[in-house]
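S.K.: Spelled out, the chains give:
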Amino acid sequence: MFVDARGEPCPYPMKQVMEAMDRLPEGEELEVLVDHPPAVDMIRLLATRRGFLMEAEPADSAEWRIRLRRAASREVKP
Amino acid sequence: MATPPARPGISLGRHTVHPQTVAGLLVLLAAAALTMASSRRDPEFGVFAAVGLGFGIVLQRSRFCFNAAFRDLFQFRSGRTMKGVIVGMAVATPGFGLHMFNLLPNPSLGPLAPEAHATPISLALVLGGLLFGTGMVIAGGCVSGSIYRMGEGYLTSWVSFGGILGGLLVAARTWNWWWEHFIRGAPVVWLPRSLGYGGAVTLTLAGLGAAYLLVLWIESRGGGGLQEAVSPDPAVAFAPRVRGLARAVFRQGWPAAAGGTAAGLLNLLSYEAHMPWRVVGELSRWSIGGATLVGLAPGPLRGTEDLAACTLGAGGGVLTHGLLLNAGLFFGSLLAALLAHEFKLRLPRKRVRYIQALGGGLLMGYGGGIALGCTVGAFFSAIPSLAVNGWIFGLALAAGAYIGLRVIERIP
Numbered sequence: 001m002f003v004d005a006r007g008e009p010c011p012y013p014m015k016q017v018m019e020a021m022d023r024l025p026e027g028e029e030l031e032v033l034v035d036h037p038p039a040v041d042m043i044r045l046l047a048t049r050r051g052f053l054m055e056a057e058p059a060d061s062a063e064w065r066i067r068l069r070r071a072a073s074r075e076v077k078p
Numbered sequence: 001m002a003t004p005p006a007r008p009g010i011s012l013g014r015h016t017v018h019p020q021t022v023a024g025l026l027v028l029l030a031a032a033a034l035t036m037a038s039s040r041r042d043p044e045f046g047v048f049a050a051v052g053l054g055f056g057i058v059l060q061r062s063r064f065c066f067n068a069a070f071r072d073l074f075q076f077r078s079g080r081t082m083k084g085v086i087v088g089m090a091v092a093t094p095g096f097g098l099h100m101f102n103l104l105p106n107p108s109l110g111p112l113a114p115e116a117h118a119t120p121i122s123l124a125l126v127l128g129g130l131l132f133g134t135g136m137v138i139a140g141g142c143v144s145g146s147i148y149r150m151g152e153g154y155l156t157s158w159v160s161f162g163g164i165l166g167g168l169l170v171a172a173r174t175w176n177w178w179w180e181h182f183i184r185g186a187p188v189v190w191l192p193r194s195l196g197y198g199g200a201v202t203l204t205l206a207g208l209g210a211a212y213l214l215v216l217w218i219e220s221r222g223g224g225g226l227q228e229a230v231s232p233d234p235a236v237a238f239a240p241r242v243r244g245l246a247r248a249v250f251r252q253g254w255p256a257a258a259g260g261t262a263a264g265l266l267n268l269l270s271y272e273a274h275m276p277w278r279v280v281g282e283l284s285r286w287s288i289g290g291a292t293l294v295g296l297a298p299g300p301l302r303g304t305e306d307l308a309a310c311t312l313g314a315g316g317g318v319l320t321h322g323l324l325l326n327a328g329l330f331f332g333s334l335l336a337a338l339l340a341h342e343f344k345l346r347l348p349r350k351r352v353r354y355i356q357a358l359g360g361g362l363l364m365g366y367g368g369g370i371a372l373g374c375t376v377g378a379f380f381s382a383i384p385s386l387a388v389n390g391w392i393f394g395l396a397l398a399a400g401a402y403i404g405l406r407v408i409e410r411i412p
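Chains as they are written, first to last, in this note's numbering: chain A, 1 to 78; chain B, 1 to 412.
Bound conformation, chain B alone (with noise of 0.2 Å):
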């Protein structure tokens, strides 16, 4: 009989305590305690920090990657991801809706609901998408996979991250060029103005749906979709059981659907103690702010005080509710990635990997900041926010990643 490989591990008694599990649950007191320590500090950043720690368990465990979902479609005809994504859209409309309702019962007169990821549908905001949805494919992930990426060890992630933030940079730097040509005066379509919120709900609820079959029918052409079985547990005792829930938690990758549900929940949540779940607005203020140090600062960016969603800017606290929100999903899918032992400092042999991901990073850094947000702020949590611009970015960014996938195509 072969003898099983030799596994490392930290003894303890009879038992073997694998290094990641050991490194997993310090990262876990970690973040307890830092979620504590800004609970003290405002109960509000308390939610943040956690709902943060939440995306990033949410994401990693469920390979919840935007710009999979969107390149899969083309690519293999796969819509795995794409479902959770929907699933996830779904999840939060409803309850958007009726936080919204709260905040403001009647839509008809004018203003947008506090936080509504509502914002002009303009050029901008088309052609943000399309570098976005292109920059995605090329460097292997959008702004938020590439942070939860980061904190599984992939070093192409931290050079996209860089890219991101220096795009952002640039963005600003043209701000108030695109602000004076096209987002200024530029429509803003809020489906309850014209629908009431029960009518937005709905309408958004059916194009989800709609959405939903023609992934159906986009897989069902390339050869069926991906079986996410839950893997059966035949065990009858208790202790078994338990360590087999265990596993399936920790251990091995969750459905989509299960990730596409809990993003949402995490995403209603967030809206509910303070602002729905976004990204590069606080980037934005990473950039500029470092920009300012050594002198690039953009200047005034005109409009911005005006606009919803991820708006470039600088100024603020440290602390953040953004700031919570980014590091949460580092840490969160770095504690992830170690308790299911997946952590693993990943460094291609290609050289030409770290360029592509710098300058994807740097094309959705660009496409976000003059888009107001990335594949969540201006997607996935404008849908929800019955904003008509969450559907056209979206547009945008599957146009994006096809034309992003006709370049990487081209390189081996």
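Same shape as in the complex, but just chain A (with noise of 0.2 Å):
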């Protein structure tokens, strides 16, 4: 999945980045381009809450680039 949240103003970005984690099937990666400074510590925030692993890089300048994936490693105990 891929969401491209230039351009748009606080909140935004990090509302849609959130909707996009909910509808995100199984084993897919989300990637997301902001140009939006805080968003990039506030996705980091919801993904750690919400179980996801984050890398984020400069895309260019005042753009990031980021890459969401559920993390692996929820077990199912007995």
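It is worth saying that the hints were derived from the structure and are not from the lab. Keep in mind that a hint or two might mislead.
What the hints assert, rightly or not - Facing chain A, from chain B, some residues (calculated, C-beta under 10 Å):
| no. | residue |
| --- | --- |
| 1 | C65 |
| 2 | T81 |
| 3 | K350 |
Cβ atoms here follow ideal geometry from the backbone N, Cα and C, with glycine treated the same way.
Combine the two chains into a complex, taking the hints into account.
M.R.: Listed below in structure tokens is the structure:
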């Protein structure tokens, strides 16, 4: 899945990512492009709480590419 | 091996300098020249130009957005920014107390310490806070937040700014009604009058401590807070460690507590030099001044000469303390954003965002006008002024932010 949240003011980038996390099919990766500086930290917080692994890298001046996938370590306990 | 993508830049021998770094350094030079020019006019103006730039740099670097501070508590149960705001007020409180003691050693005699942000507690304060809180969430930034985002290149923040000026004009044109019905005769509760400075500072710090615990509790219920670790620097040699320090200061975002501490100290410096940090009083001068040019002047505003903080008004020279604070906020943010390579002209694709910015701006301008200040003057500078109106405005802002969030949930 891909979310392009560039140009969106606060809090829409975070809101769109949260909704996409809920809809993301099992095993798929969520790719996000943002240009709102505070969004990177806030998405990191949301990812941690929801058990997602996150990688963020600068994509261009004032743009970041974020990759999110569900952590695989959720073992089913008997 | 993959080749790294070509980076834009200006070549200087073997080195390539990012164009935003060059632009940032040019803005820095211009800002330094303007600060020195204002200082020659009046040393106090030099201080205010520097403090204004400092606020712009701090707010941009630490993402110190009062709107997010309130909204994120409800929307994401995150207290990242609110904790920074509380730290900023706690840092300023003892210094404000000491400065006011020097200005007015016996606070029980009746008058307020000069420039303290203690204002009447009336329905105008509560309703103003509600409208302001709702407006800032709908617009995506409060007044100081819009000004620093204008420096980062957000077009919607420029639209909000226009809305704020419009809202302030409507507030000025209805001011006399609010004054006659609610503000005149409403109590001003300034804690040092009854508790002395020591008691007032202690009680304020205790209140801020309790607020901090409340924020921690909200975060815990939401699944924990953001870990704002400063990235570890494994280097041993001097040069890479200096580069690491420069990166931490100029390129990476600062932790909210660092931003709060710096903002609190700047606020204290501002009060020591002349007056606490404030934003909308100056903007109302621009708004009323502009309206006067096109024949829409609001006429005499009753009672404003006896009020503290951000009173609506016109007049005064072109160069004022408030102008330097607001201009500094914009240029400081612009230069910090450029040096961090975070400047970008941001244009939302959805047209509704511009309507949100304008509508939210109007609500903020009107609310801030009748409440005698914004998240800065009526809250961030009022609580360290040991004034109860700061706490009431803060609660109204929180309630307004909650309403604003309900509104934007319906705007996709």
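S.K.: For each hint, tell me whether it holds in the structure or not.
M.R.: Here's how the hints hold up against the structure:
no.: 1; hint: C65; in the structure: holds (7 Å)
no.: 2; hint: T81; in the structure: holds (8 Å)
no.: 3; hint: K350; in the structure: holds (8 Å)
The structure meets every hint from the earlier list without exception.
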